[in-house]
Amino acid sequence: MSTSHSEPVASVEVAPSARKAIAPWRRLLSAFLESKLAVVGLVGLVLILLVAIFAPWLSPQDPFDLTQIDIMDSKLPPGSESYTGMVYWLGTDGQGRDMLSGIFYGLRISLTVGILSGFFALIIGTSVGLSAAYFGGRIETLIMRIVDLQLSFPAILVALILLAILGRGVDKVILALVIVQWAYYARTSRSAALVERRKEYIEAARSLALSTPRIIFRHLLPNCLPPVIVIGTVQVANAIALEATLSFLGIGLPVTEPSLGLLISNGFNYLLSGRYWISFFPGLALLLTIVAINLVGDQLRDILNPRLQR
Amino acid sequence: MSVFILRRLMQSLVLLCVMTVIVFAGIYAIGNPIDILISADASQEEYDRAVRALGLDLPLWEQYFVFLGNLAQGDLGKSFVFNEPALQLVLSRLPATLELAFAAMLISITVGIPLGMWAGLRPDGIAGRSIMAGSILGFSLPNFWQGLMLIMIFAVFLQWLPAGGRGPTASFLGMESTLFSAEGWSHLILPALNLALFKTSLVIRLTRAGVRETLLLDYVKFARAKGLSTGRVIFVHVFKNILIPLVTVIGLELGSVIAFAVVTETIFAWPGIGKLIIDSIFVLDRPVIVAYLIVIVLMFIVINLVVDILYSVLDPRVRLADMKS
Amino acid sequence: MSNAVLKVENLQTHFFTKAGVVKSVDDVSFEIGRGKIMGLVGESGSGKSVSGFSIMGLVDPPGRIVGGRILFHGQDLVGLPEAEMRKIRGRRIAMIFQDPMMTLNPVLRIDTQMIETIQAHEKVDHETARQRSRDALGQVGIPSPEERLSAYPHQFSGGMRQRVAIAIALLHKPELIIADEPTTALDVTIQAQILYEMQKLVAEQNMGLIWVTHDLSVVAGLADELCVMYAGRIVERGPVGQIVDDPIHPYTKGLIGSVPSRNPRGQPLTQIPGMAPTPIDLPPGCPFRPRCARADAACETTPPVEEHRPGRFARCFHPHLEDAA
Chain C
1 MSTSHSEPVA
11 SVEVAPSARK
21 AIAPWRRLLS
31 AFLESKLAVV
41 GLVGLVLILL
51 VAIFAPWLSP
61 QDPFDLTQID
71 IMDSKLPPGS
81 ESYTGMVYWL
91 GTDGQGRDML
101 SGIFYGLRIS
111 LTVGILSGFF
121 ALIIGTSVGL
131 SAAYFGGRIE
141 TLIMRIVDLQ
151 LSFPAILVAL
161 ILLAILGRGV
171 DKVILALVIV
181 QWAYYARTSR
191 SAALVERRKE
201 YIEAARSLAL
211 STPRIIFRHL
221 LPNCLPPVIV
231 IGTVQVANAI
241 ALEATLSFLG
251 IGLPVTEPSL
261 GLLISNGFNY
271 LLSGRYWISF
281 FPGLALLLTI
291 VAINLVGDQL
301 RDILNPRLQR
Chain S
1001 MSVFILRRLM
1011 QSLVLLCVMT
1021 VIVFAGIYAI
1031 GNPIDILISA
1041 DASQEEYDRA
1051 VRALGLDLPL
1061 WEQYFVFLGN
1071 LAQGDLGKSF
1081 VFNEPALQLV
1091 LSRLPATLEL
1101 AFAAMLISIT
1111 VGIPLGMWAG
1121 LRPDGIAGRS
1131 IMAGSILGFS
1141 LPNFWQGLML
1151 IMIFAVFLQW
1161 LPAGGRGPTA
1171 SFLGMESTLF
1181 SAEGWSHLIL
1191 PALNLALFKT
1201 SLVIRLTRAG
1211 VRETLLLDYV
1221 KFARAKGLST
1231 GRVIFVHVFK
1241 NILIPLVTVI
1251 GLELGSVIAF
1261 AVVTETIFAW
1271 PGIGKLIIDS
1281 IFVLDRPVIV
1291 AYLIVIVLMF
1301 IVINLVVDIL
1311 YSVLDPRVRL
1321 ADMKS
Chain Y
2001 MSNAVLKVEN
2011 LQTHFFTKAG
2021 VVKSVDDVSF
2031 EIGRGKIMGL
2041 VGESGSGKSV
2051 SGFSIMGLVD
2061 PPGRIVGGRI
2071 LFHGQDLVGL
2081 PEAEMRKIRG
2091 RRIAMIFQDP
2101 MMTLNPVLRI
2111 DTQMIETIQA
2121 HEKVDHETAR
2131 QRSRDALGQV
2141 GIPSPEERLS
2151 AYPHQFSGGM
2161 RQRVAIAIAL
2171 LHKPELIIAD
2181 EPTTALDVTI
2191 QAQILYEMQK
2201 LVAEQNMGLI
2211 WVTHDLSVVA
2221 GLADELCVMY
2231 AGRIVERGPV
2241 GQIVDDPIHP
2251 YTKGLIGSVP
2261 SRNPRGQPLT
2271 QIPGMAPTPI
2281 DLPPGCPFRP
2291 RCARADAACE
2301 TTPPVEEHRP
2311 GRFARCFHPH
2321 LEDAA
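Residue numbers (our numbering), protein chains in the order written: chain C, 1 to 310; chain S, 1001 to 1325; chain Y, 2001 to 2325.
Careful, some of the hints might be misleading.
[Claimed, not checked] With a Cα cut of at most 20 Å, we get these calculated SDA-like pairs of lysine to any residue:
(1) C/LYS75 to S/MET1152
(2) C/LYS36 to S/PRO1123
(3) Y/LYS2173 to Y/ASP2135
(4) Y/LYS2018 to C/ARG27
(5) Y/LYS2018 to S/PRO1123
(6) C/LYS172 to S/LYS1240
(7) S/LYS1240 to Y/HIS2154
(8) C/LYS36 to S/GLY1134
(9) C/LYS75 to C/ASP65
(10) Y/LYS2087 to Y/HIS2154
(11) C/LYS36 to S/LYS1240
(12) Y/LYS2018 to C/LEU29
(13) S/LYS1240 to Y/THR2112
These aren't lab readings, by the way, just hints derived from the structure by calculation.
The task is simple: from the sequences and hints, build the whole structure.
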């Protein structure tokens, strides 16, 4: 029964003749666009990225330029006007900085840290995972033991300890996030590679005496990418959230790099006196960023993983 | 069965040894505590005395064995800050964290499983979709910000609940907990809720996925073909099967809840081990950090062990395989 | 055949998928009497399993019975309230599934799964139900049934599990059993045993049996009557011996031509060219038309069911009648 009604659903998705004509990425794109929610997420994500990239041009004020900031304007509620006539749409913080500008710049820092750390973790983790699957034996056992050990502890705990050891700084936060994340990529790419390794094209590549790196990176890697990409989107969201958390706790980025987490942390002190906007708006920006990434990631998982269907 | 437990115990012991090395090596890499403890204008003599008093003049490997020996006796040194035994300090803060963690797990199970089952049984209904949308939000909400918002809404604007701190404890069956006093509850609700939201989303998703997968299986259809009532099919045939992955994940998540309590405790000024570790990291209170890690690692090992045993009790297939081996 | 247990008239079960309407069962009619075995043969996707599930009232959304009647002792099962249907399911009509590895719930013991079946329909105490379960296991040839009762499904072999499933189906001595490819997943020797048992049970208990299969050779020696399904329709219906020796419909002829044992050695097996269509938004007309050597313009309208010879029904404008005796 379950077969007889799932069969047609699966086979009708695209007619066989059409499948050849359309390039694979076009097919993926059209599959992606099927979910309205995912499209909303994608549009939102693109907007957020644009804001982060063009923050210096979009911001009404440069929060790092002390000449533009007036301490007399501190803690103004949203919609207030400065004496120069500038409107603080989202209010000002304890130092009199415009929250909107702070958020634009904060997004820039948060996204940079999240994406950079995700990128390095992807490269390291995937290389390790693929090598483990390809070589097998003791190397694989050892690597996977380490991965399992690390993954059995929550990311926040590992990051906490690492930062306690490393100290503060942008580079150190990125390093800690890479160390936290690499294991996810290693595990995912290894399990994908284990399946691929047994396939004939790897056998064929080996019998052609191609070099090991070439087999791993030119033949194995592209076929293992879909699950890695899915993990990648989720991990970037996690990295952004984790960085914000660590910065909020005061052990993440230094105060000279005011990411969203630090902005929220600054607002915490004013929250109890009802000045909600200093924490609320940066948090909202953080939330929207993470939701957008997760929506995109969810849809990617659905279209790249044919086993799961909604 | 007992062979299985014994083997798992041995593995745990090895893991514990590995962890002590990692913890020790890691903590050693943390900056020199002397610099923080001794004022900058202290004389060289004072400095040396402090180094000797803390055993920092010994070679590294010797320090490790001293550390191990002391660990075996439950002595992890005195807190540089509080000047009391570090392990005792951590253990004295543990009940508050456990209370918070269990309250959070309780919320996520009692709310998450029913919602997840509903969403799994009626995935296309309005309720099912809303539950799923809510769980996506629950996943995405940054935990610390969500805590601030809870404070903002319930403590600042509505003024229904206190913004932080732990309420007075009361005794019940020999257990001291704020769960047994009304004021304790009022302090517990917000932090527990904050800690629970993420896990609730997780439980919802797991339950829903489990229900949907199980519903498609032949044995569910066979159960219906036998003429069983819908209730029996869902609550016995489906539920018992999704219970296995659920118990595993929920059990393992307990550890992560305790770790995540760091954030919640900081925001709500909850006097547990999470707040203690953050404070200790700030001042590099090495013995307390070590004691915290050892306690956490031990808890993780115990939790993993218990989950494994539970798993084998729940799943007859695993049970049999273990008895054979 | 006025003593028909079940009479299906113009049954239509459609699945309303995103891709379009799948007419899994489209205008199907047949009947079956007590003590008779009817073979329902077709390729996968031909709608034979869905027919079975339609009778059981177990068609899940997006599927729905959109037309026709299912008369069980003259009572129409289509549109029967779920509570009424539940009383019939498992008690008066039972079902056996294809994969015995999947039909028994892996986390429930055999006795639980048998006793719940009895108690779903009769008010009997646990002990009586257990005894009846034990007897049922013995009846289907399971050795030491008392011990096996408290075993879990994974402790049985595939053949034994299918016997358990049959025992469960027989618990209430149903008047009709629908067996959905019950031997497909089993070894050939076990298959023969199960076939033999089923034949014996049908004769002993005077019940009707619908044997759904894709394997014509299985039902050829077993059934009294045969229905051949293609793309949701019964293309040919009649006594087994006559159909096998002298098929009327071109599809049946092709099907029989491709069975190895029925053809002389050394001669190539005939094949049916092309593939079975996916029954989504099928155009009107004979669905076998693209693969049929005899098709012409007339086949673009749907052929009606006609009695081409006494007791021999087929849906074809160009039946194979020329080589008639």
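Hint check:
Between the alpha carbons of C/LYS75 and S/MET1152 the distance comes to roughly 16 Å, so the proposed pair stays at or under 20 Å and holds. Of the pairs offered as hints, the one joining C/LYS36 and S/PRO1123 holds, with about 17 Å between alpha carbons and a cut-off of 20 Å not exceeded. The straight-line distance between the Cα atoms of Y/LYS2173 and Y/ASP2135 is roughly 13 Å, inside the 20 Å bound, and the hint therefore holds. For a cut-off of 20 Å, the pair hint linking Y/LYS2018 to C/ARG27 stands: about 18 Å separates their Cα positions.
Our distance criterion of 20 Å between C-alpha atoms is met by Y/LYS2018 and S/PRO1123, whose separation comes to about 16 Å. Between C/LYS172 and S/LYS1240 the alpha-carbon distance is near 46 Å, which puts this suggested pair outside the 20 Å criterion. Only pairs whose Cα atoms come within 20 Å are accepted, and S/LYS1240 paired with Y/HIS2154 is accepted, the gap being roughly 16 Å. In summary, the hint linking C/LYS36 to S/GLY1134 is supported, as the alpha carbons are separated by about 17 Å, within the 20 Å threshold.
Between C/LYS75 and C/ASP65 the alpha-carbon distance is near 18 Å, which keeps this suggested pair within the 20 Å criterion. This hinted pair does not check out: Y/LYS2087 and Y/HIS2154 have alpha carbons roughly 29 Å apart, beyond 20 Å. For the hint linking C/LYS36 to S/LYS1240, the alpha-carbon distance of about 35 Å lies beyond 20 Å, and the restraint is violated. Of the supplied pair hints, the one linking Y/LYS2018 and C/LEU29 holds, its CA atoms being roughly 19 Å apart against a limit of 20 Å.
Annotation: proposed proximity of S/LYS1240 to Y/THR2112 holds, straight-line Cα distance about 13 Å (limit 20 Å).
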